[in-house]
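Protein sequence lines correspond, in order, to chains A and B. Be aware that the first sequence starts at 13, since it is given in the working numbering, and climbs by one per residue. Be aware that the second sequence starts at 20, since it is given in the working numbering, and climbs by one per residue.
Because the hints were derived from the structure by calculation, they are not lab data. Idealized CB from N, CA, C, for every residue including glycine. Heads up, some of the hints might be wrong.
Stated by the list, open to error - Once the Cα atoms are required to be at most 20 Å apart in a straight line, the calculated SDA-like pairs of lysine to any residue come out as:
| # | chain 1 | residue 1 | chain 2 | residue 2 |
| --- | --- | --- | --- | --- |
| 1 | B | Lys113 | A | Leu41 |
| 2 | B | Lys113 | A | His31 |
| 3 | B | Lys113 | A | Leu274 |
| 4 | B | Lys113 | A | Lys260 |
| 5 | B | Lys113 | A | Arg35 |
| 6 | B | Lys89 | B | Val214 |
| 7 | B | Lys113 | A | Pro34 |
| 8 | A | Lys85 | A | Asp69 |
| 9 | B | Lys113 | A | Ala44 |
| 10 | A | Lys260 | A | His31 |
| 11 | B | Lys113 | B | Arg181 |
| 12 | A | Lys77 | A | Thr284 |
| 13 | A | Lys77 | B | Val146 |
| 14 | A | Lys77 | A | Leu274 |
| 15 | A | Lys77 | A | Ile272 |
| 16 | B | Lys113 | A | Val101 |
| 17 | A | Lys77 | B | Thr145 |
| 18 | B | Lys113 | A | Leu38 |
| 19 | A | Lys85 | A | Val75 |
| 20 | A | Lys260 | A | Val101 |
| 21 | B | Lys113 | A | Ser43 |
| 22 | B | Lys89 | B | Ala251 |
| 23 | A | Lys77 | A | Gly55 |
| 24 | B | Lys113 | A | Leu30 |
| 25 | B | Lys113 | A | Val75 |
| 26 | A | Lys77 | A | Gly102 |
| 27 | A | Lys260 | B | Ala251 |
| 28 | B | Lys89 | B | Gly79 |
| 29 | A | Lys260 | B | Arg252 |
| 30 | A | Lys260 | B | Met250 |
| 31 | B | Lys113 | A | Gln37 |
| 32 | B | Lys113 | A | Leu46 |
| 33 | B | Lys113 | A | Arg33 |
| 34 | A | Lys77 | B | Arg144 |
Claimed, not checked - Short derived list, chain A residues pointing at chain B, Cβ under 10 Å:
| # | residue |
| --- | --- |
| 35 | Leu49 |
| 36 | Lys149 |
| 37 | Gln255 |
| 38 | Leu274 |
| 39 | Leu276 |
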Amino acid sequence: MTKTEPAAGSVRRLAGTLHRRPRLQLSLLLSAPLTWLVLAYLGSLAALFMSAFWTTDTFTSNVVKVWSGDNFKTLVTAEVYREVALRSVGVALAVTVICAVIAFPIAFFTARIAAPRWRPLLVVAILTPLWASYLVKAYAWRIILAEGGLLEWMLSPLGLDGPGYGLTATILVLTYLWLPYMILPIHTGLEQIPENLLDASSDLGARTGRTFRSVVLPVLLPSIAAGSVFTFSLSLGDYISVQIVGGKTQLIGNLIYSNITLDLPLAAALGTVPVVIIVFYLLAVRRTGALSSL
Amino acid sequence: MNLSRPARITLRVAAVLGFAVIYVPLFLVLINSLNPDRSSGWPPPGITFHWWADAWGSAGARHALVTSLKAGVGATAAALVLGTLIAFAIQRFKFFGREALSFVVVLPIALPGIVTGVALNTAFRTVLEPFGVGLGLFTVVVGHATFCVVVVYNNVIARLRRMPGSYEEAAMDLGANTFRAFVDITFPLVRSALVAGGLLAFALSFDEIIVTTFTAGPDTQTLPIWIFSNMARPQQAPVVNVVAAVLVLLSVIPIYLAQRLSSDTASGSRI
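Work out the full structure, taking the sequences as your base and the hints as a guide.
Shown next, in the form of structure tokens:
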């Protein structure tokens, strides 16, 4: 017998114990992740939202731990916050709609018009920009939109002006950043529509437009909803792109950011706005059955 | 669908235009790293490799790259362990709160980064600082791992769903114990899912800026933080251009690796 015998024996005993006790196995599997996710992550989230009900001493900027709903009252009554919150939702919706409109012809081409042997390659071409750094892409647009940049050079012979830095540029850049997240689910959705479904529609006398409205669009709705989860929630929380190309534009993320050091409770209260909107959006989208396909 | 010829041509043109718009900014970044004009004006007045030499010598950029690599490796390792554990627990067991757990895993990536960032920042400062642990590389790794868990979890659970439990049972019938069955049967079958998940986790961590801003502290600069803080400085602009070009070129590596992995991993998408 070799020296490793006792060690091997205890390993086998342990394995046997584990096998007989699935609950023990489960608790061993879950203890580390639960400590991390529930205790550390959910705990700190809960603490943050608790602090939204605290206030700040205006002179010292110290947090005063007295329960009050003042921050939320400010949120609803102050003109600035209402305006910025509405603008942020507007930007997120605009980005989502523009992404869907641009994504559709591209996805239609890659899924149904391009020769089948090219299709896998085209999917790679859609995915490739997602691996390039977020910051690099936003920075590229900063250069394109700059005075004396590519866009001005392209537009000036036509007598046009570029948008410059501002709200339009922010929407443009966010659309560019999240577009692949919209193309991909629509591509998958279009690919899965069986050809005979479309044939049946035209056999029954529907023209292209009618087939599109009555067959393609309803089938695609979950795909569009799935893509919109990304375009909407990623746009709503963004504050970096706004800083890079937005000029003086402020979105809800910027407000949260600028309040963190001076008034953490107010920042926390502001933070609840995108969270609540996104949770409601996810619940609404779940009804289309889109979340299960993510 | 029987589309008319003009409709097909229109769609083709629209798609070509779309792809052009998607790729122009990326190529522009590459060209700009060779642009002698400090303010990156268009068209470039010539070509220079001067900035590449400058960037090579830039201590700040190099240091930031090393920090990013360390943070990425640390976060990926933590995410691989946690994500795999959760995937096995959820796929193999029925327990109270199973649905809720599978939702909590997705939460860090679904909520805006700034909310996660501020929450972790406050928690770290109140819990860790009394123990003398300040914000730094460790807290960045913790923050990144929190949202990287989901990609590993998604990949592993997708694989486990498709893997019949009978393989492991067969191994056990042949006398293998729990560990032996895992090492010889289960692990080889989930390995490529782990690679795909790890790749995604590393890419997410390497690119992250918002959570990093709140968990890094003043002395820890990852590459995105370095780029962001130097972007608006005219003096640093050419070096930033080169770093951006390098990042665009480097993104070819994960694309190549993702293509090599089997197609049933979720390696294609970043979520």
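Now the hints, each set against the structure:
no., hint, result
1, B:Lys113 x A:Leu41, "holds (13 Å)"
2, B:Lys113 x A:His31, "holds (16 Å)"
3, B:Lys113 x A:Leu274, "violated (46 Å)"
4, B:Lys113 x A:Lys260, "violated (52 Å)"
5, B:Lys113 x A:Arg35, "holds (10 Å)"
6, B:Lys89 x B:Val214, "holds (18 Å)"
7, B:Lys113 x A:Pro34, "holds (10 Å)"
8, A:Lys85 x A:Asp69, "holds (17 Å)"
9, B:Lys113 x A:Ala44, "holds (18 Å)"
10, A:Lys260 x A:His31, "violated (62 Å)"
11, B:Lys113 x B:Arg181, "holds (18 Å)"
12, A:Lys77 x A:Thr284, "holds (19 Å)"
13, A:Lys77 x B:Val146, "holds (17 Å)"
14, A:Lys77 x A:Leu274, "holds (15 Å)"
15, A:Lys77 x A:Ile272, "holds (16 Å)"
16, B:Lys113 x A:Val101, "violated (39 Å)"
17, A:Lys77 x B:Thr145, "holds (14 Å)"
18, B:Lys113 x A:Leu38, "holds (9 Å)"
19, A:Lys85 x A:Val75, "holds (18 Å)"
20, A:Lys260 x A:Val101, "holds (18 Å)"
21, B:Lys113 x A:Ser43, "holds (16 Å)"
22, B:Lys89 x B:Ala251, "violated (26 Å)"
23, A:Lys77 x A:Gly55, "holds (18 Å)"
24, B:Lys113 x A:Leu30, "holds (16 Å)"
25, B:Lys113 x A:Val75, "violated (43 Å)"
26, A:Lys77 x A:Gly102, "violated (34 Å)"
27, A:Lys260 x B:Ala251, "holds (15 Å)"
28, B:Lys89 x B:Gly79, "holds (15 Å)"
29, A:Lys260 x B:Arg252, "holds (18 Å)"
30, A:Lys260 x B:Met250, "holds (17 Å)"
31, B:Lys113 x A:Gln37, "holds (12 Å)"
32, B:Lys113 x A:Leu46, "holds (16 Å)"
33, B:Lys113 x A:Arg33, "holds (14 Å)"
34, A:Lys77 x B:Arg144, "holds (17 Å)"
35, Leu49, "holds (6 Å)"
36, Lys149, "holds (6 Å)"
37, Gln255, "holds (8 Å)"
38, Leu274, "violated (13 Å)"
39, Leu276, "holds (7 Å)"
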